[in-house]
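Guided by the hints, dock chains B and C onto chain A, whose structure is given.
These are the residues of each chain, in order.
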Amino acid sequence: MKLLVVVDAEEYSRQAARIAARFAINTWADVTILALQAKNGDTLNARLLDALPEIQCMFLGNDSPFGEYKDTGFQAVSDGTWEMDRTGSDGRKQLKVLVRRGDWLRIVSEQLEQEQADFLFLGASSDKPEWEGELRFPQKVAATVPCSSFVVKGSSMGKTLVCCLDQASVSQESLEIINQLVTIQEAELKIVGLTGPHGLREKVEERMMQVLRYYTERGVRAWVRLVNEEELPAFAHEASKTGTLGLWLGKKSLLTKFFSKDRLEQFITASESSVVILK
Amino acid sequence: MWRSLIYLDEDLPSSIALRFAAEQANKTGGRLQVLHVEDPGKKAAPGTGWVRRSWEQGLIKAGLDEVHRLLKTEKVNCPHISSPKILVGSRDDEVLNELRHGMYDLYVEGYLNTSSTKDFLKLLNGKRFQNTTCPVMLVKNMVPVHNILILAGEAVPFEVLLPYFEKIYGTFDGQLDITMLYYRFGEEKELVFQAREEAGSYLYKAEEMLAAAGWEDVECQVVQGTPEQTAVYMRNYGLVFSSFPSRQTPRAELLALLSNPVLLCKPKKARSKKAGKGGLI
Amino acid sequence: MGTKTSILILDDEPIVIKRLKPSLEKKGYEVEAFTDSREALARVQEQAFDIVVTDLKMEGIDGMQFLEAVKETSPETEVIVITGFATMETARESFRKGVSDFLAKPFKLGEIVEAIAKAEAEQKKKRG
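Residue numbers (the working numbering), protein chains in the order written: chain A, 443 to 721; chain B, 750 to 1030; chain C, 54 to 181.
What the hints contain is simulated information worked out from the structure, not anything from laboratory work. Glycine is no exception: its CB is placed at the ideal position from the N, C-alpha and C atoms. Errors might be hidden in some of the hints.
[Claimed, not checked] Estimated spans, in silico, between C-beta atoms of each pair: (1) A:670 to B:831: 34 to 44 Å; (2) A:504 to B:828: 21 to 31 Å; (3) B:876 to A:663: 32 to 42 Å.
[To be verified] Among the chain A residues that face chain B by a calculated CB cut under 7 Å, a handful are: (4) 647; (5) 658; (6) 662; (7) 669.
[Unchecked claim] Distance condition first, Cα-Cα at most 16 Å in a straight line; then the derived EDC-like pairs of lysine to aspartate or glutamate: (8) B:824 to A:659; (9) C:110 to A:659; (10) B:821 to A:659; (11) C:161 to A:615; (12) B:810 to B:758; (13) C:161 to A:557; (14) A:645 to B:788; (15) B:810 to B:788; (16) B:821 to A:496; (17) A:538 to A:574; (18) A:645 to B:939; (19) C:71 to C:83; (20) A:512 to A:496; (21) C:150 to A:496; (22) C:161 to A:555.
One chain only, chain A, in its complex shape (with noise of 0.2 Å):
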């Protein structure tokens, strides 16, 4: 598994990579962290410079697959990136540091692509829906990218995992990312399926016959529930309050009729807790 760990120097970004770090740390993932500075800046930015040890250091320790603490400096690769230079660290799995400046969506757009990341974190202050200026910057990540990501809020993703359902597009990366998430956070999940003014549509009840079927073969208990369309704003925000909420937005669902980029932007800055956007 590849992730992607995209960060600024602020106390969001510090709870999200040890969220992160976590998570690599568990499964012994490949990981990217991706620090963004500000887009005109020549030089690196001395906030990230200070960040960046401490983060790396979350990703490091004894049951750690990424080596011992290396910081011999940031080599400059490209114009605007810089990467940090950890030769000798002596890791089992990649752990690369990089300080990327430009057009940010772009620049996290280009990353994912480059490392062929399965999943990717980041984090979001609670009061104020923007990084260093650039209003509403996780949200519109997560609304853009094309693999499965983990909006963090706050310092844990709580005890519940609640997963709505779409009608089609369950990936498999998807289903095994929520594998591990509840695993490692030793997490209830919970899967909503949504109803119309007819009930239960036919192809999301298969769906969440498949769904739940996967789950229970592999001894993850999960529970069921319906709510309905209308409601659906209104329950997630209130689930979002004691854990973790769950939207699977492939291509074809059926909840991004609900969750249009803007709706989703204005429901993860609305959200009180982490979100992870399945696709």
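Using the frame of chain A, we list chains B and C on its own:
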């Protein structure tokens, strides 16, 4: 040995009910009779004699295929499932007829919780459940049963509930922890745990009866709170065993809110005796 | 055994086998795949494989027991563990028991091919 009638369609609630009931049957030596009803809807049966028989046979064949598909997909390992019965007619009427004639100990159905507790209460207050003669198990989720919570309250004397419990779980194969929860409604900020004495002699007597039936080390608790608070507290139990609730009581609301499978007994004597006193919870 | 590197794959999810086996064969490996851990165990006791790829959580013998059995019969075999339910304990125990790599699902085909290539190179280095 208990016998139960399990109603199956080819849908998610049935899938959950089948898996749960099969596991209970395997652990307690119970038998399952699968029933599916093909509802011809508002259309009248075409003609009489051979035409009508062929039409009915077509419906039965379609129903049988549906149930077989479900049984095959679920790959349930239960040696005590009898061949499915497929009937044509109204689901309520056919289920009630089969229950009356088959002398079953339990009726099992799947149910998925919705945003509104009214849906659950409507089901309980509907014709099918109001007229069943045996206890009913509503399976809302597929949960492994390592512990059972008996929801107690003065509305139903425990001696009326115990035989139903014993009949089904008396021969349970494996570790099974039992908790007796005496529930009282109260609008508290959070669930309040009270001393056992607050339940009068109810819990003492119930505990004695359970011990005499071979259930030692039963945990007894008295709680007071809203149905929402209590439902959250009860979420880790594999099954909730309760008397059939009266309409629009906090107990009914609590049972509607629960995500766990519920087994509801309908002790007729207790209902008629206490219902007039207005003390139901 | 021929000159080709021999690989045994054990995963009770047929989809993994279906994806992995033809891809590795195309790369010139000699691959045997099993979904049943008992059958796989019998096979490793008959023949030493260069590389074994095993899932951790399976019906019957679990991946950890399988890993121990492989290492006992053929200490030179490089073992790659894959898992859908990673915990610190499973990762730690796998390494204590000498696995070559640990891959948590989801992973891309390329990642396991890369892990196999690394294990193969490691083995060649050990054998001199």
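- prompt: Among the hints numbered above, which are violated by the structure, and what are their numbers in rising order?
  reply: 2, 6, 14, 16, 17, 18 and 21
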